[in-house]
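Chemist: Below, each chain spelled out in residue letters.
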Amino acid sequence: MFGRIPGFGLSPVFRSDPFENPVPTGMITEEAAITAPPGDVLRVDLVAPEDSPVAEGAPVARLRNHPEIVLSAPFAGRVARVRLGPGRRLDEIILFRDPGGEVAEWDVAAAASGDAPALVALMQGCGFWPRIRSRPYGRMPASAERPAAIVVMATDSRPLAPDPRLALDGLEEALGRGLAALGRLTDGPVFLCAADGPPPIAPDAAGGARIAHVSPRHPHGLAGFRVHDLCPAAPGRPVWDLHAEDVAQLGVLLATGRLPRTRLVSVAGPALTASRLVRCQLGADLRALSYGLVRPGPHVLMAGSPLDGRRAQWLGTLDRQATIWPQQQEGKPPHWFLAALASSSVPKPVIPTAALQHAVGGAFPAMAMVRALSVGDDETATRLGALSLVEEDLALADYVTGGQAGLGDLLRAMLDRTRTEMAA
Amino acid sequence: MIRGLWDREMVALLLLAALMPMALVWIWFGGAGAVGRLGLALIVSGAWHLIFMLARAQPPSFAGAITALAVAMLAPEDMGLVRIVLGISFGAVFGELVFGGWGRNVLNPATVTLAFLGFGFPTFAWPDFVLPVAWAAIPAAGLGVLFGVMPFGILAGAALVGGGTALLAGGPDWVVPAAAMVLVLLVADPVASASTALGRWLNGALYAALVLLFASGWEGASPVQLCVAAALLASLAAPLLDDIAIALWTLQRRRRHGGS
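Keeping their order, the protein sequence lines are chains A and B. The opening residue of the first sequence carries number 1 in full-length UniProt numbering; numbering runs sequentially from there. The opening residue of the second sequence carries number 1 in full-length UniProt numbering; numbering runs sequentially from there.
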């Protein structure tokens, strides 16, 4: 009665024309950018200054406090423009492509032989580290962090998301190798979460990872709900989550010494005449990805799904979707009396409905969580499992309740408070 | 960028739509008197919402109409204008608006109004209902559950306890029509009732148990009166029931995952 209820979840539908190409096409955009994950602060030292040539995978910047963690170039080209905020905070590093450039290679002998410190050094040095997200708090993991468990997502229930099976096609062996490598980084289990149907990898080839089956309905296919269900994250007990495609690419790196820097991305949304599946590099230019498909009229480019997307020009490190939305025309502001009837000085409260409980997949008492977040009761929110979640996990709940409560922002504020408290 | 359906006003409108079968049957049989009571309740409730909008920037809510409907249907009869205005004002302001409007209230404002009127002016007669109005509570509850705005657990918990007692011991059947109407109008309010799955079942069961207790032990009370009292007490207990449900949930999770 108060456990996980499998019938819960929603399948929100967003209008988008069908894919013009069921088989993804390769598309390396002429420009790309290295950006900080949304909400995260990266203080960096530049390795490659503006206007210098870089090979694919070559280091462009290093973290100031942890110089072993490297941000690397998604393609061979030239560093075009570096924008740093105060305190050398990374804003964006834009690169121009140079076809026919070199590809950086790493010596993977030590890492492939099973040496965990060598593997960590390789992952940090080749630019793989930012693809990992550590919970609680949903940030890039600290340099010396050892996770209590690792959750690998081979399913994605977000609307208009690309099917991870398509991304993993032909990479079964590499996926097994990547999973086995991850198993050396943790003392706990490695979970491979897959939707019902044929598993993306045979259980005995999964490198010791346990395969967990996941309902196809949103939000069950989000990493946060799988972490909440399988191995809740807590301070001092971090849990990593990765996408299965990245794990397979880690397997490729361990076999060949080269880390693939492309990924399967869906470009969709109601402002397009057709949707598109592409294999593009990390940090790709969203204008180039949607070029030729956009309907006439103003539109908004978003990195992420229609639910959790944010306005951006570049694909983020963790994004596998671009959503193109028509821009709403801003009309005349309404009369003050009509505005007062509709808007309020404080956010309007959320009313408990069946829709809200479905929007959190029945994973925890939804209304108790909403109330705890709204009033800033961090202890109750923690007890209900908020530390396993990040903003994107509450995006569906925010969407169904009209978004007036701003649950994602409340959760981020709660996570930041908890993090400061734990660090003190 | 794009927003879903289930914001506060949509839920209030759907609740209002769900209550329509009951309201229409009640107006059909009540005639001009019913329309007058409903109109007065709507005006007083709406005025307070307007005042709080202007003074506190709290947008008015269609939930005020739900309160007005419940009060108009269940309030004692022939009280006179001053008493009924006083009662609705007390309920709307201290039951709901001072907490920040519908969604932040602890008790259902209609329950507060009715309890205030019942305890404050005990000499006035509570209303009687023709049976079709009580029967209309069933489609109202069905619509509410179908829309997802009325908690199924409360209705089911109450039906379970009430029906179970009737089958086993043959309970007091004279209270059932009023109990069903109060259940739909006051107890199955999504905001002021328990919000967890287990808490809702307990909340409904507690309401039915209180109704049965009062029906067997409260000499001289009219059915509506004792049902309103049961609704008030069940609503007051809702946070406790939620806490019990959450404590059990945490216990179960701790057993499964270990740790704190």
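Check each hint, because a few of them may be wrong.
Unchecked claim - Examples of chain B residues toward chain A, derived with CB under 10 angstroms:
{"hint": "1", "residue": "Glu9"}
{"hint": "2", "residue": "Gly142"}
{"hint": "3", "residue": "Leu213"}
{"hint": "4", "residue": "Ser216"}
As the list claims (entries may be wrong) - To list a few chain A residues with every Cβ distance to chain B over 12 angstroms, as calculated:
{"hint": "5", "residue": "Thr186"}
{"hint": "6", "residue": "Gly197"}
{"hint": "7", "residue": "Asp229"}
{"hint": "8", "residue": "Arg295"}
{"hint": "9", "residue": "Lys332"}
{"hint": "10", "residue": "Ala340"}
{"hint": "11", "residue": "Gln357"}
{"hint": "12", "residue": "Pro365"}
{"hint": "13", "residue": "Ala368"}
{"hint": "14", "residue": "Asp398"}
{"hint": "15", "residue": "Thr420"}
Just so you know, these hints were derived from the structure itself, not from any lab. Cβ coordinates follow ideal geometry from the N, Cα and C atoms, glycine included.
Chemist: Checking the smallest CB distance to chain B, is proline 365 (chain A) really beyond 12 angstroms?
Modeler: Given that some Cβ of chain B is not farther than 12 angstroms from that of proline 365 (chain A), nearest at about 4 angstroms, it is violated.
Chemist: Take the shortest C-beta to C-beta distance between glycine 142 (chain B) and chain A; is it under 10 angstroms?
Modeler: violated, 14 angstroms
Chemist: Against chain A, run the beta carbon of glutamate 9 (chain B) and see if the smallest gap drops under 10 angstroms.
Modeler: holds, 8 angstroms
Chemist: Against chain B, does glycine 197 (chain A) keep a CB gap of more than 12 angstroms to every residue?
Modeler: Per Cβ check, glycine 197 (chain A) is outside 12 angstroms of chain B; nearest 27 angstroms; holds.
Chemist: Hey, does the serine 216 (chain B) contact hint survive, CB to chain A under 10 angstroms?
Modeler: Given a least distance of 30 angstroms, the restraint on serine 216 (chain B) is violated.
Chemist: A cut-off of 12 angstroms on Cβ-Cβ distance, and arginine 295 (chain A) was said to be off the interface with chain B. Does that hold?
Modeler: holds, 16 angstroms
Chemist: Would you check whether leucine 213 (chain B) satisfies its interface hint, that is, whether its CB is within less than 10 angstroms of any CB in chain A?
Modeler: violated, 25 angstroms
Chemist: Looking at alanine 340 (chain A) again, its CB stays over 12 angstroms from all of chain B?
Modeler: violated, 6 angstroms
Chemist: Does threonine 420 (chain A) clear chain B by more than 12 angstroms, comparing its Cβ with all Cβ atoms of that chain?
Modeler: It holds; threonine 420 (chain A) is separated from chain B by about 20 angstroms at its closest Cβ, greater than 12 angstroms.
Chemist: Take a quick look at lysine 332 (chain A) and tell me if its Cβ sits farther than 12 angstroms from every Cβ on chain B, holds or violated.
Modeler: Answer for lysine 332 (chain A): holds, closest chain B Cβ roughly 20 angstroms.
Chemist: Test the statement that threonine 186 (chain A) is away from the interface with chain B: the closest C-beta pair must be farther apart than 12 angstroms.
Modeler: Given a closest Cβ separation of 16 angstroms, the condition holds.
Chemist: Holds or violated: is the Cβ of aspartate 229 (chain A) farther than 12 angstroms from all Cβ atoms of chain B?
Modeler: Its Cβ does come within 12 angstroms of chain B, the nearest being 9 angstroms, so this is violated.
Against the hints set out earlier in the document, violations occur for numbers 2, 3, 4, 7, 10, 11, 12, 13, 14.
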